[in-house]
Amino acid sequence: MPNYTLRINGKKITVNVDEDTPLLWVLRDELSLKGTKFGCGIAQCGACTVHLNNSAVRSCSLPVSSISGESITTIEGLSETGTHPVQLAWKEIDVPQCGYCQAGQIMTASAFLKEKPTPTKDEIREAMHGNICRCASYNRIEKAVKLAAKNS
Amino acid sequence: MSQNKSLSLSRRNFLKTSLLAGGGMLIGFNLLSACKPEAILPIDISNLNFNDFNAFIKISDEGYVTIFSPNPEIGQGVKTSMPMIIAEELDVAWEKVSVAQGFYDPKNYQRQVAGGSQSIRFGWDALRQTGATAKQMLVNAAAVQWGVEPNTCFASQGIITNATGDTLGYGEVVKVAANLEVPENINLKDPKDFKIIGHDITNVDIQKIITGDPLFGIDYSSERMVYASVLRPPAFGNKLASFDDQITKSINGVTEVIKFGDKIAVLGSNTWAVMKGKKALVALWENDTKLESTDDHNFELIKILNGNKFETNREDGNVESAFKVADKIIERTYESPFLPHNCMEPMNFYANVTDKKVHLVGPIQTPAWTAGKIAKILNRKPEEIHLEMTRMGGGFGRRLYGDFAEEAAQISNIAKKPIQVIFSREDDMAAGTYRPAIKYRIKAAIKEGKLTAYHLKEAAINGNMYGLISNFFPAGCVPNYKVSTANYKSNITTGAWRAPFTNFLAFAEQSFFSEIATELNKDHPQLIIDLLQNVKGTTDERIQYSPERMEATINLVINKSNWGKTSEGIYQGFSAYYSHNTHVAEVADVELKNGMPVVKKVTVAVDCGIVVNPLGAKNQVEGGVIDGIGHAMYGDLSFEKGIPQSVNFDKYRLIRMEETPEVKTYFVESNLSPTGLGEPGLPPAGGAVANAIYKATGERLLKQPFINQLEISKSKLLG
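So the protein sequences, as listed, match chains A and B.
Residue 140 in our numbering sits at position 148 of the first sequence, with consecutive numbering throughout.
Residue 554 in our numbering sits at position 550 of the second sequence, with consecutive numbering throughout.
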């Protein structure tokens, strides 16, 4: 199996895995970064969202061999202690119910706000449309993204 | 109702204290006995030890309180709200409280189940009594220390004060308290003095959730653990004939292939390898029982409705004679498909079966039942089973069934190593225990402008509505009333799904009442309120709902939704439903956009008694309403020769952000004990939306998911 050197949350890490292994399973199984969640495996639900150079990507469908030096940020690396404006907004609004999809929601929202710091309601709804919350905490997700935009 | 209640039950039956070696005091209690005033623990009380308890409060020497929340957390908020109730009566500042998940006790479990929206309802009195008893023990201990009478002292916010104004913190008296008799005749607080209950408290796991801490079952791992992916029969009715694992075994990371029953487990060092390995298995299947398709189910259920083989669940008066003399008869048939639960966290479980014990870790709503089943399957003693519950990435009823835990235990038992079974989304959606397809036929008689008869027939797959449902509205409101049920036994496995039966029945019923209202030229909510008058003061003890509470709930939603007074282009639909001891009324606001109805807003009124945590409660209601709309609109799992036809989110549509309406929730003010909240918001939602769409388009929706009919109508409209 080949070696891959990845830049994850600011650290260089080398892993020895099959070339088709999705980044999701490298994070979860090889590196014990369990914050990134498995939901569907086909990039349809957003639970596995991480940042690849500031862009939100679905790590379940991103083979490790396709990554070449980009910096990867996971929920664990978004901030040291959960103080990213999006995380703080999630806390203030008390968004989660079961909480499983929320890391993915937060990663999508934080990448989106970097690109669009003052979004409209419709832009927020469109940006978050790819992330499923089965508990349907959508009203609060929308509010939290709005609040994070205001506070960042 | 529970104000200043003096308790006669012996505290010693359910509570025990002990000093902790590391400092502080531990209070153990058992909710099984605490929940039932007449119950006594089935073992010798003098020999109780801490293994006999399933919930604990720890008070440290510094006065910090740790509460071990006894019920599993599936997202319904009990890990926050149950400790809030204890902390309220214990009278400590919430900032001094931390919460940990309680562990599973195989000997004396109580309602250690999340399901049926009953955790808070059953736990309410017991949790209050426990907190209040602990507080009294601390007061008694302070009184001993001061040499005064306990009734001259009082406690508040973790501090005990005596008549001369001396104070002691809870932490300073735990050493004495731990050795005192458990006091009896405890006074509970008057709800108006509540400092924690009724206030917004943030989810206790919020920091862990937003930083991605490993909280969920799927995040669990242990040294030497391997992953397992399981190939199950692709069709309901298949069994395994033979298989070839040659390619599978050549995949990097795959270590072992194990056949158990009609399933094959692929074990390996990482999830990707075992998922690939499973896909590479070449299996031959043969037919064991009939391979059923959705067309078969439709045929069978309609045949049942057209026939006369029913059980009678309840019958008042004589519907047949009322139909004979009716001025008008309305009859409609409502149809629903199978639904998978689709918890975001796919099913998974960890098992390590050794000669000494069976260690199980994972997301399960029924730890006791599942541990018992596993003990039987593995032929082990119940006390050898150690089951740890994790936070659950959704439940919706799916995690009541421990099939995935049983698989994990069986595989580990054969492999002789720790393993974690992980379902792919496709595995998860194809593995069964679905919400069964159901059809309702409702027939009503109208005479002289009044509803004189109501006959509901249920044709369902595998099982029928639970007994209480036939005593929900409109039982007692209509003089001639009948509920008849029958079912078709299928080999497709079915189970509870958020608000079992009522999740679809409420839609059928409230759509039907909207039609009756139209026929009678009455306002839908007014028709329901008028009917409710007929059951006020009833002596029929079977009646489950309260007409007074339902009427107040309806009035609140009428008021808050601006019912009947909205601007042009907004179409409103109403629905009200009682379930899980909670009364809910909803109004949906719908707009038309390019010929398609769009749900813009839902106003909800809820009477669930005292609202323990309004912040969490609103989240539950919002989620339930949107879930109800999403599944009524889009949810559809069909079968072709036993094979489920949509097994991932590319084909199976769940509601997403852009389809989500704004949900506005209002609670009826109440001093009554809290009732269920995880489920009751859901049932009325589909009906409110269907009734609003009728106002917008003139079209009645009788079949779920609505989207099929809406798309046909749209294409007709656009030519």
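Don't read these hints as lab results, they were simulated from the structure.
Check each hint, because a few of them may be wrong.
With a straight-line Cα cutoff of 20 Å, these simulated PhoX-like cross-link-like pairs (lysine-lysine) come out [claimed, not checked]:
#1 B:K668 / A:K138
#2 A:K142 / A:K108
#3 B:K569 / B:K420
#4 B:K212 / A:K113
#5 A:K135 / B:K668
#6 B:K212 / A:K83
#7 B:K604 / A:K138
#8 A:K135 / B:K605
#9 B:K597 / A:K138
#10 B:K668 / A:K113
#11 A:K113 / B:K569
#12 B:K604 / A:K135
#13 B:K328 / B:K385
#14 A:K113 / B:K699
Tell me the hint numbers this structure goes against, listed in increasing order. Violated hints: 3, 4, 9, 11, 13 and 14; rest satisfied.
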